[in-house]
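Colleague: Since the structure of chain A is already known, use the hints to place chain B on it.
2 protein chains.
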Amino acid sequence: MAQLCGGGVTPAINFGRLCLKQWWKSGSICQNIYIRNVSSLVVGEPDGPSVKTSIPGPKSKQLLDELSAIQQTGSVQLFVDYDRSIGNYIADVDGNVLLDVYTQISSLPLGYNHPDLLKLLDNPFNVKAIVNRPALGVFPGSDWPKKVKNILLDVAPKGLSHVTTMMCGSCSNENAFKNIFIWYRKTQRGENIDFTEDERSSCMINQSPGSPPLSILSFKGAFHGRTLGALSTTHSKYIHKIDVPAFDWPIASFPEYKYPLEEHKSENEAEDRRCLAEVEDRITEYNKHGKNVAGVIVEPIQAEGGDNAASPEFFQQLQRICKKYGCAFFVDEVQTGGGPTGKMWCHEHFNLDSPPDIVSFSKKMQLGGYYMKEEFSPSQPYRVFNTWMGDPGKLLLLQGVLSVIKRDSLLSVVQKSGEKLLNGLYDLQKEFPALLFAARGRGTFLAISCTSTKLRDDLVNRLKQKGIQSGGCGEYSIRIRPALIFQTQHAEIFLDQFRQVLRETK
Amino acid sequence: MAQLCGGGVTPAINFGRLCLKQWWKSGSICQNIYIRNVSSLVVGEPDGPSVKTSIPGPKSKQLLDELSAIQQTGSVQLFVDYDRSIGNYIADVDGNVLLDVYTQISSLPLGYNHPDLLKLLDNPFNVKAIVNRPALGVFPGSDWPKKVKNILLDVAPKGLSHVTTMMCGSCSNENAFKNIFIWYRKTQRGENIDFTEDERSSCMINQSPGSPPLSILSFKGAFHGRTLGALSTTHSKYIHKIDVPAFDWPIASFPEYKYPLEEHKSENEAEDRRCLAEVEDRITEYNKHGKNVAGVIVEPIQAEGGDNAASPEFFQQLQRICKKYGCAFFVDEVQTGGGPTGKMWCHEHFNLDSPPDIVSFSKKMQLGGYYMKEEFSPSQPYRVFNTWMGDPGKLLLLQGVLSVIKRDSLLSVVQKSGEKLLNGLYDLQKEFPALLFAARGRGTFLAISCTSTKLRDDLVNRLKQKGIQSGGCGEYSIRIRPALIFQTQHAEIFLDQFRQVLRETK
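Residue numbers (numbering that gives the first Met the number 0), protein chains in the order written: chain A, 0 to 505; chain B, 0 to 505.
Derived from the structure by calculation, the hints contain no laboratory data.
Be a bit skeptical, because a hint or two may be false.
Identical copies carry no separate label here, and so any pair may be met within one copy or between two of them.
Using 20 Å as the maximum straight-line C-alpha spacing, the simulated PhoX-like pairs for lysine-lysine come out as follows [said to hold, decoys possible]:
{"#": "1", "residue 1": "LYS290", "residue 2": "LYS323"}
{"#": "2", "residue 1": "LYS290", "residue 2": "LYS185"}
{"#": "3", "residue 1": "LYS58", "residue 2": "LYS148"}
{"#": "4", "residue 1": "LYS405", "residue 2": "LYS415"}
{"#": "5", "residue 1": "LYS60", "residue 2": "LYS148"}
{"#": "6", "residue 1": "LYS322", "residue 2": "LYS287"}
{"#": "7", "residue 1": "LYS146", "residue 2": "LYS405"}
{"#": "8", "residue 1": "LYS60", "residue 2": "LYS146"}
{"#": "9", "residue 1": "LYS342", "residue 2": "LYS419"}
{"#": "10", "residue 1": "LYS58", "residue 2": "LYS146"}
{"#": "11", "residue 1": "LYS505", "residue 2": "LYS453"}
{"#": "12", "residue 1": "LYS157", "residue 2": "LYS322"}
{"#": "13", "residue 1": "LYS58", "residue 2": "LYS145"}
{"#": "14", "residue 1": "LYS60", "residue 2": "LYS145"}
Extracted from the complex, chain A is given alone in its bound form:
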């Protein structure tokens, strides 16, 4: 199997794939060239990564200096040559080409410069969709109803007939909260009861009863965004929250499983029960104190919080608890939605009794928004509203993305690559038990835990030097978030390089 920057391996045929390797000495840095893999889904992809400088390289460092004069840049890793990036490969300004298993924090469904997306803008009608941005809530274009139906609703979670478009994940969750509060108050007040004068006037000064002290229950380790409402349901890292005022909303424990799952079945079932009991306790407690829990928001896999999974049974029970207490069951699929788990929506893996009430999306879906049951749509206009209400230019891109997903059967590609990746991670954690544990996930939405934060950060950095762009999540996990065009040959390269890095770990 192909190895990069690793030893004196000569060209070899492995798994039916020809890997040619050349060394380009440039200081202590090497470059590798693979012969094109004919089955790549994106024409023009290189056959492997090539690293020419340390990363960030000198040009990235220079640009960082420039940008630091005008922005906070502590999070910048490198500067990208988007012109030269292609498919699964991200090219930086120093001429390095990395296999990207992080894909812009999991937001690129088809990798870089996918020809089908570039082609979209050959069409002058589509160019106009970019230039003439409407206030969709007031002046939608002639094609908007058809597009919402044929694009967004065509891939809607089963049972959710309504959709609201937004711009990003945080906005989507915040506005979905508003839908939930409006729905909850309608059920309290009675369907056709009008607002009281007291409600109308008190809300104008942020006071009850017009601005009621309703709450949304969220989970420890959750990430639902960073605007002030969404941030009150985010509990992944203190640096996201410190110094920012928050709503006093209830928080319950999310299951922390022992791995491998099959060896800890009864402990993990007990963990589910513990967390679900906590959910009920919190709801009861907050309802009692007049901060009624209008909804429960949950990720199908906690992503930023460390790729924490919970069992289908946990989600089934959680939905039943929501029904019992009259709370909306809100599944945040901003990171899991759009295919990376091998299904369009991760909650499809859970065999729920009935559809969730609300499912939000963004990232791979190109624009933000949320699906919901009809009963969650407010009766009055202007309650969930803003100037743009999404962006037809992004829906256009999503249309292109979804047609490629269908044509190229990308959900099957994800399932196949995911299986290879996960099995590879199982092998690696067996091979390096002092370094890795708890390989987990669905599809290519995968993670593995490292035995310390320092080790995790070190591995992610050294992977980069081997031509792999990955990312961290939680305290000590590495997350794998490739594009949907990530194939088994890409998985092989990743696993090879990862093994090499682990071997070199002291």
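Modeller: Okay, now just chain B, sitting in the frame of chain A:
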């Protein structure tokens, strides 16, 4: 002067402009054709509106039925044929062409299908900026530092050296609040003092001291967005706020002037003093109760709240009060920014002692964001952050917009058209004192009050039937928000049609 749909006026030369009129009877509806005005800034613009059906017409109504099955559509006015809209004219799906003085809730700087913007996407490099959307906070493109500098900072308010890009107005304000809270706590804590363990752990469960009960002061009638933090500073209409939880943050009165201003000088000065005293009272009160006021957010002209203006002296004093109490002075230019007041930023009209601390933008600027003083930039990364952090595709459009603003001297166009419009409104309120009063504004950012809400709604509707797309704001005002390419000949058409509608008012 040209008149549409109004009487038996024959073609006439007025103000040096030839207006030809023809009637196309279609039931009781008429169509008008003007000969092209040679000096239009956008080639291909018609010379006047033409109305063929009642609005919304039958095709708009049919599309509304379709969309209502999947979205809340109570706010939709008509469906637009964006393909056929051009310059200052919006075409609907029923073949009506309206002069647009509302421009997608004031968000279109160059009207529809501006050739310079369409041309941008002939360039394959620019197409890639649309398709390869980066996570800008981590993997910015090679051209990002230069673009931020040459585009965004080139038009920055004087004295503000840093900029953060976002997606929309609400997100911009919410994230600016976070910058303010972080800055405020830094000044309380001391520059290089690290967070305590108590702060780190308490913020994870939304509790003090990590999530401190800091506040942002806002004004009655203000509109700063609709996500939960921003909504806590919005006080324009109850329907925006009712049933949604809010932070208990202080609210002060915004001046309500008597018009005409020159006749009520001393009363209005007293009104300034009353409101400013209230600001000081609120700050003192909230500080005393441990809900320290970290910042004050204010619109240079309250837009959604009814186009409420305040004097330069009011803003000068307000900034001094912020200095006195150590609050950030935050000017929200989401609607006023980008040129419509005849200056790039409306607060440039105020002759402030020093630059505001933060200025937010969106709408005409194509993407959201905020400028700030360097001291407001957080020392640590990931505190103000999200996946996309703006959108290079929108910055590209802004680049096109700003270069047309410069080339075509659009700020001068705005000043000239604004003068004509405002003088025309003064004439109309003299002519129809039982219907209109308080014509006001800066540049083409103008409004006039109607003597009742019912009359306002009626006038806006009938203006539409005369070929003018306008909008309401506050309880009883009509707001005028044309694009920056709105010229004096467009102002004439608007004023003619408005006069006609007023004449027909019983």
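Colleague: None of the hints should be skipped; say for each whether it holds.
Modeller: Hints, one by one, checked against the model:
1. LYS290 - LYS323: The answer is within: 17 Å in one copy meets 20 Å, while 37 Å across copies does not.
2. LYS290 - LYS185: within (16 Å within a copy, 32 Å between copies)
3. LYS58 - LYS148: Between copies only: 18 Å across, 46 Å inside.
4. LYS405 - LYS415: within (16 Å within a copy, 54 Å between copies)
5. LYS60 - LYS148: between (46 Å within a copy, 17 Å between copies)
6. LYS322 - LYS287: within (18 Å within a copy, 43 Å between copies)
7. LYS146 - LYS405: within (17 Å within a copy, 36 Å between copies)
8. LYS60 - LYS146: For LYS60 and LYS146, only the inter-copy Cα distance (17 Å) is at most 20 Å; the intra-copy one is 43 Å.
9. LYS342 - LYS419: For LYS342 and LYS419, only the intra-copy Cα distance (17 Å) is at most 20 Å; the inter-copy one is 59 Å.
10. LYS58 - LYS146: Answer is between; shortest inter-copy Cα gap is 17 Å, intra-copy 43 Å.
11. LYS505 - LYS453: Result: close within a single copy only, 13 Å intra versus 78 Å inter.
12. LYS157 - LYS322: Answer is within: at 18 Å inside a copy they meet the 20 Å cutoff, but 55 Å across does not.
13. LYS58 - LYS145: The answer is between: 14 Å across copies meets 20 Å, while 46 Å in one copy does not.
14. LYS60 - LYS145: So LYS60 and LYS145 pass the 20 Å test across copies only (14 Å; inside, 47 Å).
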